[in-house]
Amino acid sequence: TQLLEQSPQFLSIQEGENLTVYCNSSSVFSSLQWYRQEPGEGPVLLVTVVTGGEVKKLKRLTFQFGDARKDSSLHITAAQPGDTGLYLCAGKITQGGSEKLVFGKGTKLTVNP
Amino acid sequence: EPEVTQTPSHQVTQMGQEVILRCVPISNHLYFYWYRQILGQKVEFLVSFYNNEISEKSEIFDDQFSVERPDGSNFTLKIRSTKLEDSAMYFCASRGDRGGLFFGSGTQLSVL
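As they're listed, the protein sequences go chains A and B.
So in our numbering, the last spot in the first sequence is 113, and the numbers never skip.
So in our numbering, the last spot in the second sequence is 112, and the numbers never skip.
Among the hints, a few may not be true.
What the hints assert, rightly or not - Only pairs whose alpha carbons sit at most 27 Å apart, straight line, appear in this in silico DSSO-like list of lysine-lysine:
1. 70/A with 42/B
2. 57/B with 83/B
3. 108/A with 42/B
4. 78/B with 105/A
What the hints assert, rightly or not - Partial list, computed: chain B residues near chain A (C-beta under 10 Å):
5. 42
6. 58
7. 92
8. 99
9. 102
10. 104
To be verified - Ranges of calculated distance between the beta carbons of each label pair, as one might list FRET restraints:
11. 5/A with 11/B: 27 to 35 Å
12. 67/A with 112/B: 46 to 54 Å
13. 17/B with 96/A: 32 to 40 Å
14. 83/B with 16/A: 46 to 54 Å
15. 67/A with 18/B: 47 to 55 Å
16. 78/A with 10/B: 33 to 41 Å
17. 40/A with 27/B: 18 to 26 Å
18. 16/B with 52/A: 47 to 55 Å
19. 63/B with 68/A: 35 to 43 Å
20. 78/B with 81/A: 36 to 44 Å
Simulated from the structure, these hints should not be mistaken for laboratory data.
Ideal placement from N, C-alpha and C gives every residue a C-beta, glycine not left out.
Take the sequences, apply the hints, and build the full model.
In structure tokens form, the structure reads like this:
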């Protein structure tokens with residue numbers, strides 16, 4: 001069973017602070033995706049990282065895939081109240097012709113004004 | 001912007017009843033999925049569907065569950081005889097050849 005552990009589970013910070021959330025596994029993934037989920041809505045894709053060591057930036061968000069493709073981090077610079085939400089990492093597992101995503105439980109981020 | 005559409009948004013049913021959850025994936029997508037999320041828990045994979053057949057299914061997707069693509073646009077999840085523990089938010093998702101999944105807004109299923 002492939003498990004993705006996300007930490008911290010909850011994070012409450014003040015506007016303007018920086019933060020990093022982590023996604024760790026003992027399994028190797030063909031790629032890893034980060035999603036953001038609002039209450040009552042489906043997850044929305046933020047980024048996909050594919051290559052070990054890859055770094056992608058999306059405005060104030062920086063995503064990194066570990067060299068061994070087992071872990072990833074999301075760093076937010078100068079957080080804003082609009083960043084509040086549940087951040088999910090999901091590892092893609094490809095077997096034969098099929099694939100599926102395995103999700104972590106998420107990090108619930110609250111940015112206070 | 002194209003989106004995945006799910007209906008109904010909420011479904012309340014009695015234990016033992018059949019329910020059909022409906023999804024319209026993004027029109028040029030070829031891969032379709034159902035996931036579910038029990039309140040407070042993580043998003044769980046149920047089934048993937050490609051080329052008119054199931055590609056993979058999880059242990060949750062037992063004989064009570066089935067999926068169908070009855071026409072060129074709809075993708076349905078049927079639960080034959082619902083149980084209390086089937087209560088969850090059910091998400092449909094689709095993707096093209098590459099890239100991440102596009103999720104619908106979900107159907108909140110409540111089994112009483």
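Verification of the supplied hints:
{"no.": "1", "hint": "70/A with 42/B", "in the structure": "19 Å, holds"}
{"no.": "2", "hint": "57/B with 83/B", "in the structure": "19 Å, holds"}
{"no.": "3", "hint": "108/A with 42/B", "in the structure": "12 Å, holds"}
{"no.": "4", "hint": "78/B with 105/A", "in the structure": "26 Å, holds"}
{"no.": "5", "hint": "42", "in the structure": "4 Å, holds"}
{"no.": "6", "hint": "58", "in the structure": "8 Å, holds"}
{"no.": "7", "hint": "92", "in the structure": "8 Å, holds"}
{"no.": "8", "hint": "99", "in the structure": "7 Å, holds"}
{"no.": "9", "hint": "102", "in the structure": "7 Å, holds"}
{"no.": "10", "hint": "104", "in the structure": "5 Å, holds"}
{"no.": "11", "hint": "5/A with 11/B: 27 to 35 Å", "in the structure": "32 Å, holds"}
{"no.": "12", "hint": "67/A with 112/B: 46 to 54 Å", "in the structure": "50 Å, holds"}
{"no.": "13", "hint": "17/B with 96/A: 32 to 40 Å", "in the structure": "36 Å, holds"}
{"no.": "14", "hint": "83/B with 16/A: 46 to 54 Å", "in the structure": "48 Å, holds"}
{"no.": "15", "hint": "67/A with 18/B: 47 to 55 Å", "in the structure": "49 Å, holds"}
{"no.": "16", "hint": "78/A with 10/B: 33 to 41 Å", "in the structure": "38 Å, holds"}
{"no.": "17", "hint": "40/A with 27/B: 18 to 26 Å", "in the structure": "25 Å, holds"}
{"no.": "18", "hint": "16/B with 52/A: 47 to 55 Å", "in the structure": "49 Å, holds"}
{"no.": "19", "hint": "63/B with 68/A: 35 to 43 Å", "in the structure": "39 Å, holds"}
{"no.": "20", "hint": "78/B with 81/A: 36 to 44 Å", "in the structure": "41 Å, holds"}
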